[in-house]
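2 protein chains.
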Amino acid sequence: MQPGPGRPRLEARRRRGSTPRAEILDAAAELFTTRGYASTSTRAIADAVGIRQASLYHHFGAKDDILDALLSETISAPLDLVAQLDVTDEPPQVRLYALAWFDVRQLCAARWNLGALYLLPELRSERFEEFRLRRAQLRQRYEQLAAEVATDAAEDAHTLPFRLVESVINIRSDQGSAPDEADHLIPDAVLHMLGWHGDPASVRGAAADLLDRLAEDSYQVGTV
Amino acid sequence: MQPGPGRPRLEARRRRGSTPRAEILDAAAELFTTRGYASTSTRAIADAVGIRQASLYHHFGAKDDILDALLSETISAPLDLVAQLDVTDEPPQVRLYALAWFDVRQLCAARWNLGALYLLPELRSERFEEFRLRRAQLRQRYEQLAAEVATDAAEDAHTLPFRLVESVINIRSDQGSAPDEADHLIPDAVLHMLGWHGDPASVRGAAADLLDRLAEDSYQVGTV
Numbered sequence: 001m002q003p004g005p006g007r008p009r010l011e012a013r014r015r016r017g018s019t020p021r022a023e024i025l026d027a028a029a030e031l032f033t034t035r036g037y038a039s040t041s042t043r044a045i046a047d048a049v050g051i052r053q054a055s056l057y058h059h060f061g062a063k064d065d066i067l068d069a070l071l072s073e074t075i076s077a078p079l080d081l082v083a084q085l086d087v088t089d090e091p092p093q094v095r096l097y098a099l100a101w102f103d104v105r106q107l108c109a110a111r112w113n114l115g116a117l118y119l120l121p122e123l124r125s126e127r128f129e130e131f132r133l134r135r136a137q138l139r140q141r142y143e144q145l146a147a148e149v150a151t152d153a154a155e156d157a158h159t160l161p162f163r164l165v166e167s168v169i170n171i172r173s174d175q176g177s178a179p180d181e182a183d184h185l186i187p188d189a190v191l192h193m194l195g196w197h198g199d200p201a202s203v204r205g206a207a208a209d210l211l212d213r214l215a216e217d218s219y220q221v222g223t224v
Numbered sequence: 001m002q003p004g005p006g007r008p009r010l011e012a013r014r015r016r017g018s019t020p021r022a023e024i025l026d027a028a029a030e031l032f033t034t035r036g037y038a039s040t041s042t043r044a045i046a047d048a049v050g051i052r053q054a055s056l057y058h059h060f061g062a063k064d065d066i067l068d069a070l071l072s073e074t075i076s077a078p079l080d081l082v083a084q085l086d087v088t089d090e091p092p093q094v095r096l097y098a099l100a101w102f103d104v105r106q107l108c109a110a111r112w113n114l115g116a117l118y119l120l121p122e123l124r125s126e127r128f129e130e131f132r133l134r135r136a137q138l139r140q141r142y143e144q145l146a147a148e149v150a151t152d153a154a155e156d157a158h159t160l161p162f163r164l165v166e167s168v169i170n171i172r173s174d175q176g177s178a179p180d181e182a183d184h185l186i187p188d189a190v191l192h193m194l195g196w197h198g199d200p201a202s203v204r205g206a207a208a209d210l211l212d213r214l215a216e217d218s219y220q221v222g223t224v
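Residue numbers (full-length UniProt numbering), protein chains in the order written: chain B, 1 to 224; chain Z, 1 to 224.
Derived from the structure by calculation, the hints contain no laboratory data.
None of the values given here were measured: they were computed from a predicted structure.
Among these hints, one or two may not hold up.
As the list claims (entries may be wrong) - Part of the chain B face toward chain Z, derived, beta carbon under 7 Å: (1) Gly36; (2) Ala38; (3) Thr42; (4) Ala46; (5) Ser125; (6) Leu133; (7) Leu164; (8) Ser167; (9) Met193; (10) Gly195.
For glycine and all other residues, C-beta sits at the position ideal for the given N, C-alpha and C.
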């Protein structure tokens, strides 16, 4: 592996991550979520990694580029999954369940609770327009899938599953972590709130099979 | 009305609010939600009100006292309602519906989207312990009511109604405002997600009557 550009490190590696870029992202994610975005300087991030500030600027032009990279991480995987789900012929409740399950799991598994940064006023600036558009795209796909699942009595509820999934961010923020059962609890509640009265256990089984199959396909594509 | 302590204003009143304290809170709420808490100084708040910084300190000892007062506003009214609901003998689905309806409405009606500040890392400090405890108390009352409503198939979902109600904060943040129908949509979805299969329209009617009755009682208590 290349050591990458920049001057040699001041200290031995302190952070998680296999590359300097990944270490900068990990340090920034910790500082942004525990001290706040506005209160964190690129100098503080460089110090936390154990590199010079000038070396940090070889990887990221500015602090908002680091934030943009971190935010993008939180939506890239579910957006990739959505594209895969679109070409399967599973019923909509199975696709929606699989998406909600996967997304809750990835939001809970991330080392730092980056979704807490979605409400930053800084995100309303033009700099983050692309991120906002991509997150809106994810939201719309949730809404379209939910509209296919919703019964007549609950058709207006199609806007809510995306919100319920993202509430794991608030659960993590209040309670330190989300309970292990959140990854079933939330997709089950998504089906209920859409007025869907079938057996969640059968949908869960089909969603698990689907996610396994798609993960295998991605692996094969990635290694060919 | 007393003009309150402090030196005379530099300028004519610019802010909403019938007292200097209310004007300071309105200005701070705008700045905290649009520029960020860490990026807003007490000087900037005083400038926005059109008073001297020293006058601001007659009302609030420090910036975190202003934040604490603003956050408390977001939970005081629903906590008061919970206390009133506890002494009615309405069925739990009506009490839960009334609470969720009232809370969504007050979170949407507030001029600034103050709930967006719940995720600030600053709130984890000891200074905000009392606020955290009071918000946890509100959350627990939601959970208890929801557990009474939940069917066996959805009993674990009792932790989610509080989260769904607070998701109007995220809807406001993303879309500028929540749709008018959110105040029915979310309480309806709360009943559905708890596996409750009755007619939401009848519960909504009973909840509306209950809220009217309680508002009248408060008025009478307040004016006696």
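Exercise for review: Hints the structure violates: just list their numbers, smallest first.
Suggested key: When the structure is compared with the hints, numbers 3, 4, 5 and 6 turn out to be violated.
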